[in-house]
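> Read off the chains here:
Number of protein chains: 2
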Amino acid sequence: VAEFDLINQYFKPPCSARNDVLLGIGDDCALLSVPPDKALAVSTDTLISGVHFPHGTMPEDIGYKALAVNLSDLAAMGAEPAWASLAISLPTADKRWVEQFMQGFNPLAAQYNLVLVGGDTTQGVLSITVNIYGFVNEKKALKRSNASAGDLIFITGTLGDAGAGLDAVLNAERYNIPVDDTLRHCINRLNRPEPRIRAGLLLTQLSQIAAIDISDGLLVDLKHICEASQTGAIIHLDKIPLSDTLAGHYQKRPGGQQPDWQAITCAGDDYELCFSCPEYQVDEMNKVFEAQDISLTQIGKMTSSNKIECFDKAGIRQNLPLTGYTHFTHEKQ
Amino acid sequence: VAEFDLINQYFKPPCSARNDVLLGIGDDCALLSVPPDKALAVSTDTLISGVHFPHGTMPEDIGYKALAVNLSDLAAMGAEPAWASLAISLPTADKRWVEQFMQGFNPLAAQYNLVLVGGDTTQGVLSITVNIYGFVNEKKALKRSNASAGDLIFITGTLGDAGAGLDAVLNAERYNIPVDDTLRHCINRLNRPEPRIRAGLLLTQLSQIAAIDISDGLLVDLKHICEASQTGAIIHLDKIPLSDTLAGHYQKRPGGQQPDWQAITCAGDDYELCFSCPEYQVDEMNKVFEAQDISLTQIGKMTSSNKIECFDKAGIRQNLPLTGYTHFTHEKQ
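Taken in order, these protein sequences are the chains called A and B. Numbered according to the numbering used here, the first sequence terminates at residue 1578, and the numbering increases by one at each position without gaps. Numbered according to the numbering used here, the second sequence terminates at residue 1578, and the numbering increases by one at each position without gaps.
Keep in mind the hints are simulated off the structure, nothing from the lab. All figures in this text were calculated on a predicted structure; none of them were measured in a lab. There may be inaccurate statements among the hints.
Note: identical chains are not told apart, hence a pair may lie in one copy or across any two.
[As the list claims (entries may be wrong)] Cross-link-like lysine-lysine pairs, in silico, DSS-like; alpha carbons within 27 Å at most:
1. Lys-1546 x Lys-1283
2. Lys-1558 x Lys-1468
3. Lys-1283 x Lys-1385
4. Lys-1384 x Lys-1283
5. Lys-1340 x Lys-1546
6. Lys-1257 x Lys-1468
7. Lys-1558 x Lys-1384
8. Lys-1340 x Lys-1468
9. Lys-1257 x Lys-1546
10. Lys-1257 x Lys-1384
11. Lys-1283 x Lys-1558
12. Lys-1257 x Lys-1385
13. Lys-1257 x Lys-1552
14. Lys-1497 x Lys-1384
Work out the full structure, taking the sequences as your base and the hints as a guide.
Structural data, given as structure tokens:
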């Protein structure tokens, strides 16, 4: 369909090119140059309307998030972003939609000096597949298999906001609940997650770091590290850092001062990094992160068991499901 | 949705790994090693049911074709295949479908020593996005901008079968026409195009070759070369090679012995290469291709005009549309 070809004009890089793009959009393939001392890190993520983001999400937010979640995969490997390609399917050849989508995508790409090297628009149900490319020294990569029993477990930033934001969107839709500042903060974290590229790059300065980005939920994602490293883990729930907004939200709730740990540990979409660090490096790491003003919190420890155990403030073991809130249906799994 | 995770097991490479896959499926990113003297060639193609292949196409055929059309993009650049990643969206977590899909995908991957380095299955309308990676010496790449006025225009193989196959599928559906051996041959070319990887690699031994794969139609694809090279072209329709099957089909038609040039030059999906070659290299090229038993036919010449002109056997100019049969709707564009 010819109009879809016209749309491809929106994929031409808006600003700076990169020297390592030898041939960009407009031929059968892009031709790219990878630094000889680096491995190429690649990842693919598909976002489908109604599955990975609620129907009705603004095109700018979709454009931002489609790139952010892919950048987050590079961050979790400690890779430096370089290029991306973008396959969009759209019900109709809606130029305005693509323009708005790129208004979310382009500034984030520019922030990380990332160049779009391929784009394809086809007619279909709204869905976006981004392929992302970065560079990392293979020996320094933050592989999931790098953890050992005794390593300490950390997360960047705070957890739970995006999950609360999703609840807010779905509840506002269902029960016609007004969206206040608290919920607006949470919805913003759902739609505009910050990929932890800087944190990932800093971690490659250390050794034997195993990392993952929290896209599906802390526990289910941590489980991937445990499986790859053949370790278990202990998590201290009360150490999990919450944003002031979310902590305030839980304090105001009738009855309970206690946060909803299940919602927090099983909610995805925060895109913080969860990683393990051998104890001897922790002081060094904290110094580096403090200097860069990136918040880190120790929340647990890798063990030699084969399970993930969660304890509350009183030291009582809590049975929380090791599943994630992976899809935007109205039912949690 | 948890069942979709289970499906990802089908993406583990069935056979030989490659030394340049430093870390395969199962982490946040794959880690890959590109030869230091080569450029990385990448391309993305999305196939949507009812748009890029008729509804009802067998999963094996979809699996084959999804990879073949991407390999074809590497062929058109003269690149050697290395890796692919695969994003599938499926209405339901249908393991049998994915298994059959991979039965079409895997043998073709093995044939080209290609390894799957990323896979993602999500819930949605049936659609497949393949990202493909290969290597090419940048100076030898078959860029669309390499053509000059006076270069001769060639195609590999024969044209028109896939287009006739598509007509057959759609007509059989609409008018309940029985599928005979002729149509079966054409449908097979529609579903199982042979990517011209070997031809592309041979062409990189020559200089200043501009190539494209015929996915949308000879004329519309040739136009991309002309635009990138700022040339025009003359095509001699009677030189366009047809398969014996298709030639026989036209001879049997009531009234006309003349092939339907519009159908042949505007039909896509044959995935033959169309390329230009400077005249001084043609003898050398013919020898190389003959030795490798790959059929080549000269069908025209690049000109310094800004148009593509087609002439029939009698030397009469034919006005054929420079558009392609790009989508599987029942109407041609």
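> Should Lys-1384 paired with Lys-1283 be assigned to within, between, both, or neither, using CA atoms and 27 Å as the limit?
both (10 Å within a copy, 22 Å between copies)
> Evaluate Lys-1257 and Lys-1385 at a C-alpha cut-off of 27 Å and name the case that applies: within, between, both or neither.
This pair counts as between: shortest inter-copy Cα distance 25 Å, intra-copy 33 Å.
> Go through the copies and call it for Lys-1340 and Lys-1468: within, between, both or neither, with a Cα cutoff of 27 Å.
This pair counts as between: shortest inter-copy Cα distance 24 Å, intra-copy 42 Å.
> Within a copy, between copies, both or neither: which one fits Lys-1558 and Lys-1468 at a CA-CA cutoff of 27 Å?
within (22 Å within a copy, 69 Å between copies)
> Evaluate Lys-1257 and Lys-1384 at a C-alpha cut-off of 27 Å and name the case that applies: within, between, both or neither.
between (34 Å within a copy, 23 Å between copies)
> When Cα atoms must be at most 27 Å apart, do Lys-1546 and Lys-1283 count as within-copy, between-copy, both, or neither?
neither (31 Å within a copy, 44 Å between copies)
> State whether the alpha carbon distance between Lys-1497 and Lys-1384 is at most 27 Å within one copy, between copies, both, or neither.
neither (48 Å within a copy, 66 Å between copies)
> Can you tell me if Lys-1558 and Lys-1384 fall within 27 Å by alpha carbon in one copy, between copies, both or neither?
The answer is neither: 38 Å in one copy and 64 Å across copies each exceed 27 Å.
> Can you give me the call for Lys-1283 and Lys-1385, within, between, both or neither, at a CA distance of at most 27 Å?
The answer is both: 10 Å in one copy and 24 Å across copies each meet 27 Å.
> Is the C-alpha distance from Lys-1257 to Lys-1468 at most 27 Å within one copy, between copies, in both cases, or in neither?
Answer is between; shortest inter-copy Cα gap is 20 Å, intra-copy 40 Å.
> When Cα atoms must be at most 27 Å apart, do Lys-1257 and Lys-1546 count as within-copy, between-copy, both, or neither?
Neither, since 46 Å and 31 Å both go past 27 Å.
> Is the C-alpha distance from Lys-1257 to Lys-1552 at most 27 Å within one copy, between copies, in both cases, or in neither?
between (48 Å within a copy, 26 Å between copies)
In terms of the numbered hints stated before, the structure departs from hints 1, 5, 7, 9, 11 and 14, listed from lowest to highest.
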